[in-house]
Amino acid sequence: MSTIQSKSGLDAIFDETRPKLLGLAYRLLGSHHDAEDIVQDVYLTWLKSDPQTIEKPANWLAVTCTRKAIDRLRARKRMQESYYGEWLPEPVNTEAPPNAEQQILLSEDLTMAFLMLMENLSPKERAAYLLREIFSSDYGEIALSLDLSEDNCRQLVSRARKRLNKCKKKQSPNHQHQTKMVDAFYIALQDGNLNTLTGLLADDIVLTADSGGKATAISKPIFGSKAVLKFFDKALFPAWRDRLVSCKKQTLNGQPALLIMEGDEIAATLSLGYNSDQQTNAIYIMRNPDKLNRLDRIFPNLQP
1 MSTIQSKSGL
11 DAIFDETRPK
21 LLGLAYRLLG
31 SHHDAEDIVQ
41 DVYLTWLKSD
51 PQTIEKPANW
61 LAVTCTRKAI
71 DRLRARKRMQ
81 ESYYGEWLPE
91 PVNTEAPPNA
101 EQQILLSEDL
111 TMAFLMLMEN
121 LSPKERAAYL
131 LREIFSSDYG
141 EIALSLDLSE
151 DNCRQLVSRA
161 RKRLNKCKKK
171 QSPNHQHQTK
181 MVDAFYIALQ
191 DGNLNTLTGL
201 LADDIVLTAD
211 SGGKATAISK
221 PIFGSKAVLK
231 FFDKALFPAW
241 RDRLVSCKKQ
251 TLNGQPALLI
261 MEGDEIAATL
271 SLGYNSDQQT
281 NAIYIMRNPD
291 KLNRLDRIFP
301 NLQP
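Going letter by letter, the sequence shown gives residues 1 to 304 in this note's numbering.
Simulated from the structure, these hints should not be mistaken for laboratory data. Take the hints with a grain of salt, since some may be wrong.
[Claimed, not checked] Result set (DSS-like, lysine-lysine): computed pairs, CA atoms no more than 25 Å apart in a straight line:
#1 Lys248 x Lys214
#2 Lys77 x Lys234
#3 Lys20 x Lys56
#4 Lys162 x Lys214
#5 Lys234 x Lys248
#6 Lys68 x Lys56
#7 Lys180 x Lys248
#8 Lys230 x Lys180
#9 Lys68 x Lys20
#10 Lys234 x Lys249
#11 Lys77 x Lys180
#12 Lys20 x Lys48
#13 Lys77 x Lys162
#14 Lys249 x Lys230
#15 Lys226 x Lys180
#16 Lys77 x Lys249
#17 Lys220 x Lys234
#18 Lys48 x Lys68
#19 Lys214 x Lys234
#20 Lys248 x Lys230
#21 Lys230 x Lys220
Please construct the entire structure, taking both the sequences and the accompanying hints into account.
Structure follows, in structure tokens:
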């Protein structure tokens, strides 16, 4: 077999597995940019490998991706210690998911709320949980990925599940209800009238914004419905009206959300989280331009 044919064969195998690798890396890192970097690094490592020694290429690629993502995650956590303000996952445009079944998958484990919950886990807990619960890997595969025993991996998954269940609410409202909630925010942002939000916000709602110090935004979360509504009324809405911004409905991370536009540029995103009473209990505003500059690309291939 010629070198070109061999590379072509490696490319074909990698291309088939790439969507899963992107989905895994993004869920581990909460960053589209980092996920693409990791997958590209996996590809370069794959090209240097000897395919004759690899019995299960898909497993080999998943193991390599997991290990590289964990290394990146550890490095990023050290960097986050000096990050300006609050850190939020990078939103991704999932406007065109492949089918209804995958829409359900996306809406369950790709939301901003879920990714924020994952921040409570250690890198290996996060990887073990995702591989087992989202990607249905067996414990032998997880052990190989994390260089641990199967018993240790079972403990990691169990510990992660318990930690997540402590703060994880019941299943999010259905897509239709989420759309109605986003519509209420859309109307309020358009006309500055907060009446559409009355009764929709949980008393313990938390508003978090991420600017990375590169745009105007609050640097600390705002807690409670009264404080959030006051912030909207006295600060956010007037500021956006002064800048003549508009808003546009968009599917981000598998859920209805809003793009805040300043001319043709995306100035912010607004995503919501929900409690078991189907109220909005979290508002995530992304202002960091580094995390907004890839939203013009539809990124649907994040399914397990």
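>> Under the constraints set out in the numbered hints, which ones does this structure not fulfil?
In response: Per hint list: 2, 4, 11, 16 violated.
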